[in-house]
Amino acid sequence: MSIRFQDPGKARQTRLQKRLRFFYIALCLGYFVILVRGVTLMLQDNKKLETIAMRQYRAAIQMASDRSRILDSKGQEFAISVPAYSLYSDPRDVENPSATAQSLSNILGISKKNLEDKLREKRKFVWLERRLDSEKMEKIKKQNLHGIYSIKENMRFYPHGKLGGNVLGVVGVDSKGLAGVELAYNSYLTITHDSGIYLRDARGQIYVTPNAEEKTTEAGDVYLTLDKNLQFFAEKELAAAVEKSGAKAGIVLMMDPKTGEILIMANSPSLDPNQFDRADFNAWRNRTVTDIYEPGSTFKVITAAAALESGVLSPREKFYCERGALQLANGHVINDHSPHEWLDLSEIIKVSSNIGIYKVSQKLGKEKFYATIRNFGFGSKTGIDFPGEVSGLLRSVQRWQPIETGTISFGQGIGVTSLQLLSAFGAIANKGVRMQPHLVEKIVGKNGELLYQVSHSSINQSIRPETAIQLTRMLQKVVEPGGTAPAAFIEEYPVAGKTGTAQKVDSKTGRYFEGKYVASFIGFAPAEDPRLVMLVWLDEPQGAYFGGTVAAPVFKNIMQKALHYMGVPPKGSSQEMIVVKKDFPSSEAVLVQEGDQFKVPDFHGVSLRQALKATGYFPVKMELKGRGRAILQSPEPGAYVSAGSKIYVEFAPLY
Amino acid sequence: MNPWDENTVRRTRFDYPLLVAVVLLTCLGLTMVFSSSAVLAQERFGDSLYFLKKMMLYAVLGFGLMYLVMHIPYYAWKKVVYPLLIVSLLIASLTLFSGWGVTVGGAKRWLALGPITFQPSEIAKIAIIIFMAYSLEKKSDKMDRFTIGILPNLIIPGLLILFVLMGKDLGTSFVLALLILILLFLGGARTKHLALLSLAALPILYRLVTQEGYRMRRVLSFLNPWSDRYGAGFQVIQSFLAFNEGGVIGKGLGAGQQKLFYLPEAHTDFIFSVLGEELGLIGVVLTIGLFLFLLYRGLRIAAKSPDLFGRYTALGIVVLVGVQSILNMGVVMGLLPTKGLVLPFVSYGGSALLTLLAAMGVLLNISTYQKADTPPMFQTGARGR
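In the order they appear, the protein sequences are chains E and Y. Using this note's numbering, you'd call the opening residue of the first sequence number 2 and step up by one each time. Using this note's numbering, you'd call the opening residue of the second sequence number 2 and step up by one each time.
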């Protein structure tokens with residue numbers, strides 16, 4: 002086998018060589034063009050492309066966000082975040098929009114047309130329903146529909162439904178706070194993720210890159226000043242009272258006058274934030290800060306405070322109460338509930354005489370009266386950390402009609418919010434010092450770091466301490482026999498308070514409604530060292546409408562329970578007190594507060610039931626394991642722990 | 002006992018730099034295939050390594066094949082020119098007309114033989130190159146005559162192209178036609194003839210484009226991709242986006258987002274976009290550099306080959322790799338209308354990689370033969386090392 006290599010002719014060879022070179026240059030040119038194109042594509046800023054990139058990658062960021070918890074003052078959960086499923090469609094994959102819509106409609110309860118329209122959209126990502134429960138999700142999965150997908154999202158959940166609903170507020174589908182504390186503290190409650198972390202692919206599915214890390218700097222659990230147990234009891238009592246009296250609405254407010262912590266903020270009707278979209282419009286607002294009403298007789302206390310503060314009258318000075326009717330120069334008649342003759346200031350408050358307080362106000366003069374009203378905070382917002390607060394209706398003193406000093410003295414012609422009134426009475430309870438009311442105590446980050454801690458600040462010294470003490474004594478008489486609210490009397494805790502029964506004003510005519518009243522009672526206890534100030538307010542009770550008969554019993558029930566609950570030592574000794582004492586753990590296994598810290602007791606041999614009570618009301622958690630008698634504990638007896646820490650105790654049966 | 006003249010031909014070692022370039026390109030390809038296909042593979046097969054494993058298997062087989070082919074004297078291929086053509090035609094017709102043809106996306110491009118699917122157009126490429134080299138050598142002194150130099154070279158490969166066209170693979174047909182045209186040019190055909198031939202092909206091309214709606218849409222969307230952003234222009238805009246996101250240094254290997262179903266065929270046709278996004282301009286320059294270097298070595302081998310068959314075979318292989326790579330890059334960068342073309346060595350595709358590596362084997366074998374009068378400084382391969 003032999004092979005013959007052909008040698009091309011010289012001329013042809015040079016021509017071919019030229020063509021080869023030409024080809025090589027063309028090849029290089031081709032790559033060069035591509036390189037130039039690459040450089041322009043890759044290095045030039047292209048706004049159009051960047052916009053598309055942003056849109057298509059990052060559209061899912063915000064909905065992926067999670068929310069931290071809302072807790073009560075003792076760390077009990079009010080609002081938590083739970084995983085749920087959200088249903089979406091890629092309409093391009095849907096085979097039969099009509100049939101798919103029909104089967105989804107049956108499960109979701111959304112109209113078929115609505116769904117079908119979505120499934121026919123010329124997009125690749127359409128939400129069908131956000132945050133489904135797993136039961137519905139299972140059903141949909143079983144249908145095995147093409148083009149219908151789901152992703153996990155976090156859903157706000159309120160384990161107690163309506164409890165505190167109007168305070169907690171509402172979270173929208175995109176995990177944004179829309180109302181209440183959820184809105185006010187939205188930035189702290191929103192757990193944001195690094196923008197690069199949650200991205201989506203072309204089909205809208207979310208993928209997470211491995212370095213996904215939550216930013217923990219901002220978000221944290223919000224601890225309210227509310228006490229879940231008290232709130233629960235108050236809402237129960239309020240609902241019962243509203244039901245019984247046939248009222249349209251009701252409010253219970255409770256505050257620690259020394260700190261301004263709001264312990265109870267109860268509304269009726271109340272909102273279930275789990276189902277806010279189905280809630281009645283009336284149930285949405287937090288009436289304690291948004292609703293203005295004429296305070297009525299409760300405002301006489303403010304008039305009395307102004308009178309005592311100004312020194313224009315002596316507490317023993319008596320006023321003639323005209324036997325129940327006083328005709329004014331302009332023809333108006335002021336009536337009393339029952340006829341009285343000569344009463345001093347204390348008696349005027351006790352029997353709630355309109356004529357008496359009118360005469361006091363006339364002696365007082367409008368300037369001094371107005372100054373005290375302002376000092377108590379009326380006409381301006383209390384500044385509570387809650388959205389939507391209003392400042393009430395108070396005209397400046399220059400524009401008062403001659404009669405207004407008189408009518409305002411018994412709470413007509415002025416609009417206040419419940420919280421303003423509570424705050425004013427808080428000042429009386431706190432030796433004249435009005436504390437800043439607040440709802441959030443602290444915010445604790447994920448790793449236990451304190452992100453925010455409220456400082457208990459005073460707004461002002463509304464009245465002198467002596468005036469406060471004098472007023473307290475007068476208010477104590479209200480609940481005594483012969484006063485307007487003996488129903489608010491608590492045996493073991495002296496109560497100071499005032500009833501209010503105000504006729505409602507028709508906003509259209511400006512006249513008072515016949516038979517439409519607002520019944521209220523506001524007071525504090527124990528009178529000599531007030532721990533709690535509380536307001537009960539019922540809107541349009543049917544039948545009996547006096548504050549003393551409708552609101553005062555509610556006040557009594559809640560106040561008594563709360564003081565017991567807080568372990569406030571009762572005055573003297575009564576049957577009930579012994580019962581209360583029995584409830585407390587009798588052994589030594591009780592935490593003792595020493596400054597900011599708590600001393601850990603020896604739990605050995607203690608029963609589970611006793612150990613449960615060991616922390617009392619201190620913000621220390623117990624982690625208990627097993628049953629029987631305690632055999633192990635951590636930390637050791639005698640050690641000190643700080644607020645928010647945990648004590649672990651293990652139990653074993655004795656036999 | 003050598004079958005060639007010892008005075009004019011010298012044996013040397015194979016062209017080592019060419020092998021290095023081939024290995025590097027294949028490794029780059031494996032890396033990019035994994036990066037671009039992992040998510041898709043996980044989703045479709047529950048195994049993110051699915052495509053990588055297959056591609057690695059093909060690479061191992063391919064290098065084995067290359068090693069084998071390297072040791073077959075290139076001139077032996079001359080003996081199988083016609084059998085190769087007949088086999089190619091047979092396979093192509095089997096794909097089209099038998100039950101073994103697999104239709105993917107409306108195009109019949111694959112032949113299924115048991116567990117193996119094969120793309121017959123890949124064999125056709127090699128068959129055409131060898132046929133052209135054989136034919137150009139035989140008629141080297143009659144190339145300026147249309148009926149002898151050009152016409153036979155059109156008829157036989159033309160039949161193959163027709164079969165590929167019938168499989169609705171316009172891209173590959175275009176590559177084959179271009180391959181023939183360039184080889185005729187390099188073989189010494191008259192420029193006038195070639196120009197007339199190209200002119201005659203234009204109406205055919207026009208007809209081919211307009212008769213299929215999708216081809217027309219692709220051409221139109223190429224002219225203005227923004228006019229139909231969510232339709233025909235979608236692919237190329239997503240590709241632009243990938244390059245734009247990449248910048249100079251890229252997002253990093255595996256960190257690209259465009260492969261997450263934004264880019265169509267991220268691991269095949271549009272793998273270069275993923276490369277651009279993840280490795281940036283640096284990666285693009287590196288890839289182009291590797292191709293240029295590989296083709297430069299190929300041209301050197303062609304220039305030094307002792308006979309015309311070796312020269313034209315080497316040139317054919319260079320043209321094939323060069324044309325395919327430029328067309329693919331041009332498409333993903335929006336310089337050319339979209340067609341189903343892969344990037345040699347880099348894109349996922351078993352038959353393409355096998356064919357390419359076999360062709361590299363041929364090229365490496367040619368590199369072991371040199372004209373004796375090649376000056377030492379141009380000699381390929383180091384001697385006596």
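Since the hints were derived computationally from the structure, they do not count as laboratory data. There's no promise every hint is true.
In the DSS-like style, the derived pairs of lysine-lysine whose C-alpha atoms are separated by at most 25 Å in a straight line are [what the hints assert, rightly or not]:
{"hint": "1", "chain 1": "Y", "residue 1": "K193", "chain 2": "E", "residue 2": "K19"}
{"hint": "2", "chain 1": "E", "residue 1": "K19", "chain 2": "Y", "residue 2": "K139"}
{"hint": "3", "chain 1": "Y", "residue 1": "K140", "chain 2": "Y", "residue 2": "K193"}
Derived, one-sided and incomplete: chain E residues facing chain Y with beta-carbon distance under 10 Å [claimed, not checked]:
{"hint": "4", "residue": "R13"}
{"hint": "5", "residue": "Q45"}
{"hint": "6", "residue": "D46"}
{"hint": "7", "residue": "V83"}
{"hint": "8", "residue": "S87"}
{"hint": "9", "residue": "Y89"}
{"hint": "10", "residue": "K562"}
Values in this document were obtained by computation on a predicted structure and should not be read as measured data. Idealized CB from N, CA, C, for every residue including glycine.
Taking the hints in turn, this is what the structure says about them:
1. K193(Y) - K19(E): holds (17 Å)
2. K19(E) - K139(Y): holds (21 Å)
3. K140(Y) - K193(Y): holds (18 Å)
4. R13: holds (6 Å)
5. Q45: holds (8 Å)
6. D46: holds (9 Å)
7. V83: Given a least distance of 28 Å, the restraint on V83(E) is violated.
8. S87: At 20 Å from the nearest chain Y Cβ, S87(E) fails the 10 Å test, so the hint is violated.
9. Y89: violated (15 Å)
10. K562: Nearest chain Y Cβ about 59 Å off; hint violated.
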